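With chain A held as given, fit chain B onto it using these hints.
Protein chains: 2
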Amino acid sequence: MGGSFIMTQVDIQDRLKAFAVEFDRYLDRVLAARDDIPGELSEAVRYAALAPGKRIRPFLAVSCCTLVGGKRDDAWPVAAAVECIHSFSLVHDDLPAMDNDDLRRGQPTCHKKFGEAIAILAGDALVVLAFELLARDVRNPRQMGPLACELARGTGWSGMIGGQVADILGESQPPAIEQATYIHERKTASLIAAACRMGALAGEAPADSVDRLGEYGISLGKAFQIADDLLDLSATTDVMGKDTGKDAGAHKQSYPACVGVEQSRLAAQAAVDKAIMTLEPFGETAADLRSLARFVVSRSY
Amino acid sequence: MGGSFIMTQVDIQDRLKAFAVEFDRYLDRVLAARDDIPGELSEAVRYAALAPGKRIRPFLAVSCCTLVGGKRDDAWPVAAAVECIHSFSLVHDDLPAMDNDDLRRGQPTCHKKFGEAIAILAGDALVVLAFELLARDVRNPRQMGPLACELARGTGWSGMIGGQVADILGESQPPAIEQATYIHERKTASLIAAACRMGALAGEAPADSVDRLGEYGISLGKAFQIADDLLDLSATTDVMGKDTGKDAGAHKQSYPACVGVEQSRLAAQAAVDKAIMTLEPFGETAADLRSLARFVVSRSY
Chain A
1 MGGSFIMTQV DIQDRLKAFA VEFDRYLDRV LAARDDIPGE LSEAVRYAAL
51 APGKRIRPFL AVSCCTLVGG KRDDAWPVAA AVECIHSFSL VHDDLPAMDN
101 DDLRRGQPTC HKKFGEAIAI LAGDALVVLA FELLARDVRN PRQMGPLACE
151 LARGTGWSGM IGGQVADILG ESQPPAIEQA TYIHERKTAS LIAAACRMGA
201 LAGEAPADSV DRLGEYGISL GKAFQIADDL LDLSATTDVM GKDTGKDAGA
251 HKQSYPACVG VEQSRLAAQA AVDKAIMTLE PFGETAADLR SLARFVVSRS
301 Y
Chain B
302 MGGSFIMTQV DIQDRLKAFA VEFDRYLDRV LAARDDIPGE LSEAVRYAAL
352 APGKRIRPFL AVSCCTLVGG KRDDAWPVAA AVECIHSFSL VHDDLPAMDN
402 DDLRRGQPTC HKKFGEAIAI LAGDALVVLA FELLARDVRN PRQMGPLACE
452 LARGTGWSGM IGGQVADILG ESQPPAIEQA TYIHERKTAS LIAAACRMGA
502 LAGEAPADSV DRLGEYGISL GKAFQIADDL LDLSATTDVM GKDTGKDAGA
552 HKQSYPACVG VEQSRLAAQA AVDKAIMTLE PFGETAADLR SLARFVVSRS
602 Y
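Protein chains in written order, with the numbering used here: chain A, 1 to 301; chain B, 302 to 602.
Think of the hints as simulated: they come from the structure by calculation, not from any bench.
A quick note: this is a predicted structure, and the numbers were derived from the prediction, not measured.
There could be a bad hint or two in this list.
[To be verified] Okay, the calculated beta carbon distance ranges per label pair:
1. A/M277 to B/G416: 39 to 49 angstroms
2. B/R406 to A/S172: 28 to 38 angstroms
3. A/K17 to B/R440: 38 to 48 angstroms
[As the list claims (entries may be wrong)] For lysine to any residue, the following SDA-like pairs were computed, each having C-alpha atoms within a straight-line distance of at most 25 angstroms:
4. B/K414 to A/E171
5. A/K112 to B/Q474
6. A/K252 to B/E344
7. A/K252 to A/A270
8. A/K54 to A/L233
9. A/K112 to B/M399
10. B/K575 to B/E585
11. B/K372 to A/R142
12. B/K414 to B/E341
13. A/K54 to A/R29
14. A/K252 to B/E341
15. B/K372 to B/Q314
16. A/K112 to B/P397
17. A/K112 to B/N401
18. A/K54 to A/R15
19. B/K414 to A/L169
20. B/K318 to B/R600
21. A/K112 to B/A551
22. A/K113 to B/P397
23. A/K54 to A/T66
Using N, Cα and C, we set each Cβ at its ideal position, and we do this for glycine too.
Just chain A, with the same shape it has in the complex (with noise of 0.2 angstroms):
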């Protein structure tokens, strides 16, 4: 067994890295700089959408779709859109007023590099973007209000931004569970779940496997959330590429402030099997998905 899983870990380190150069080409001719956009946000957008990324929700969308039968072709504006989504995300968490990051993906941030008022628009208007590839890739126009349906879910004031307004209110709170767990769904997990189903909707797939490839992005965004909490502790700024060791300071919601890092990685663990057991029904197919799921929590060991 331990042979067989160090195995899939490299292998899904190299699946990983190869579609992200794919993708990366993709992303790069999707938001190439036009002449009715000021330079100065192209820019900014380019910068902070095509940064070194390891484009998981990205992979999510496209693994999800081929899944169920769909073409692979289908999935790419989804993975954009998602993308773009995660990308606003760390432009708007990294500004003073929030996290106040100086390093993302190793590089400056994006209001380091542009100033705080282009980089709030850059994040602004990647969310429109990620509406409005999906509005004008997606081929079939049917799938156009369940997929934007899913995404403003994910992303909005119930999914992403509400578990980053219980993260910036929780600071202020002393740790406790049900709102670590609170924040880590919304935060983290409800924009993962949205990769997973909109890659799902993206392939045709009936009902039950949406639901069932929503509830495994579900558990693989606990698993990823606590792991990027442990990682926080322990390792350094320059393996990350972010600062480190701030959360503490700042005093988040996180499970290693609730429980402990050996419940923490537990609590990891058993998300992954969770996400992992939920993929049964897809069998040998699902296997990348199984591989990525182990690969998240053992970036902290």
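Below, chain B alone, put in the same frame as chain A:
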């Protein structure tokens, strides 16, 4: 002419007021607080969106829909979506990193009331809500793609947000009429035009009517922005319900700064005339839209 002109002005103001009461009831229901949204966030979103306003954009959406023979009810989701975008733009424009305003619609600005982080996130939530309302409430699924495209183009990096970037960058440049026109077309006119086009689309208008009403919106938007710049020069904070006289201090690109007050008034009137001329094929049914165009510049006399 003088008498009937004044009558029309009184009339359109009454009609706008009656419309605003009806629209605000709809928006209030659409933005109802929910258990799954952090209380502070829905409070900030509702504070921003439901603050007293003229509701010109929703009025345009509904008027253009009925003008082309559509049902009034079909335009409400469009009207609400456009107003959410408008409210978002006010919240973000007022931020310390942007125009740094303390007053808006006669009340403390969103960040003065809720803090900067929550204000940024409330603005973000309003953008997402706009697209969610379209996706959820537009009855004809075939319209969803075209409507979302229009809203994204009017709002995004080639529309309003692009105009806001140009506005900020323009502060460090000497006044130039081409620059001011570029900014007005994007920052103000593009969302107003989107409201008109989307209303027409919701009413199942043929493409040439959609385009014509979009042109009307562009001219109206230009007139509106010049009038707003003139008001900023002359009105008191009390009348405007927001900080005034700041544009000149901030070296904003504006018609008055470029060509003086008298030429600016002529330019606004010329834009109104053009807007009214565009409506010619619609005959008497477009009376409201004509009155609205006249009303928009009458504010600055």
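Each hint tested on the structure:
1. Remark: the range hint 39 to 49 angstroms for A/M277 to B/G416 is upheld by a beta-carbon distance near 42 angstroms.
2. At roughly 29 angstroms, the beta-carbon separation of B/R406 and A/S172 lies within the given 28 to 38 angstroms, and the hint holds.
3. The given range of 38 to 48 angstroms is respected by A/K17 and B/R440, whose C-beta atoms sit roughly 45 angstroms from each other.
4. Restraint check for B/K414 and A/E171: the C-alpha separation of about 19 angstroms stays at or below 25 angstroms, so the hint holds.
5. A threshold of 25 angstroms between alpha carbons decides the hint, and for A/K112 with B/Q474 the separation of about 22 angstroms falls inside it, so the pair holds.
6. With a CA separation close to 23 angstroms, the supplied pair A/K252 and B/E344 stays within the 25 angstroms bound.
7. For the proposed pair A/K252 and A/A270, the alpha carbon gap of about 22 angstroms is at most 25 angstroms, so the pair holds.
8. This hinted pair checks out: A/K54 and A/L233 have alpha carbons roughly 20 angstroms apart, not beyond 25 angstroms.
9. Annotation: proposed proximity of A/K112 to B/M399 holds, straight-line Cα distance about 16 angstroms (limit 25 angstroms).
10. Simply put, B/K575 and B/E585 have alpha-carbon atoms about 17 angstroms apart, close enough for the 25 angstroms limit, and the pair holds.
11. Our distance criterion of 25 angstroms between C-alpha atoms is met by B/K372 and A/R142, whose separation comes to about 22 angstroms.
12. At roughly 11 angstroms between alpha-carbon atoms, B/K414 and B/E341 fall within 25 angstroms of each other, so this suggested pair holds.
13. At roughly 19 angstroms between alpha-carbon atoms, A/K54 and A/R29 fall within 25 angstroms of each other, so this suggested pair holds.
14. Proximity of A/K252 to B/E341 is assessed by CA-CA distance (about 18 angstroms); at most 25 angstroms being required, the pair is judged to hold.
15. With a C-alpha separation of about 23 angstroms, the suggested pair B/K372 and B/Q314 falls inside the 25 angstroms cut-off, and the hint holds.
16. Distance hint between A/K112 and B/P397 is fulfilled; the C-alpha atoms sit about 16 angstroms from each other, no more than 25 angstroms.
17. Using a Cα cut-off of 25 angstroms, the hinted pair A/K112 and B/N401 holds, with the two alpha carbons roughly 19 angstroms apart.
18. As the CA atoms of A/K54 and A/R15 are separated by approximately 11 angstroms, the hinted pair is consistent with the 25 angstroms bound.
19. At most 25 angstroms may separate the alpha-carbon atoms for a hinted pair to count; B/K414 and A/L169 meet this at roughly 15 angstroms.
20. Distance check on the hinted pair: B/K318 and B/R600 sit about 15 angstroms apart at the alpha-carbon level, within 25 angstroms; holds.
21. Restraint check for A/K112 and B/A551: the C-alpha separation of about 23 angstroms stays at or below 25 angstroms, so the hint holds.
22. Among the hinted pairs, A/K113 with B/P397 is consistent with the structure: their alpha-carbon atoms are about 18 angstroms apart, no more than 25 angstroms.
23. Of the supplied pair hints, the one linking A/K54 and A/T66 holds, its CA atoms being roughly 19 angstroms apart against a limit of 25 angstroms.
When each numbered hint is compared with the structure, no violation occurs for any of them.
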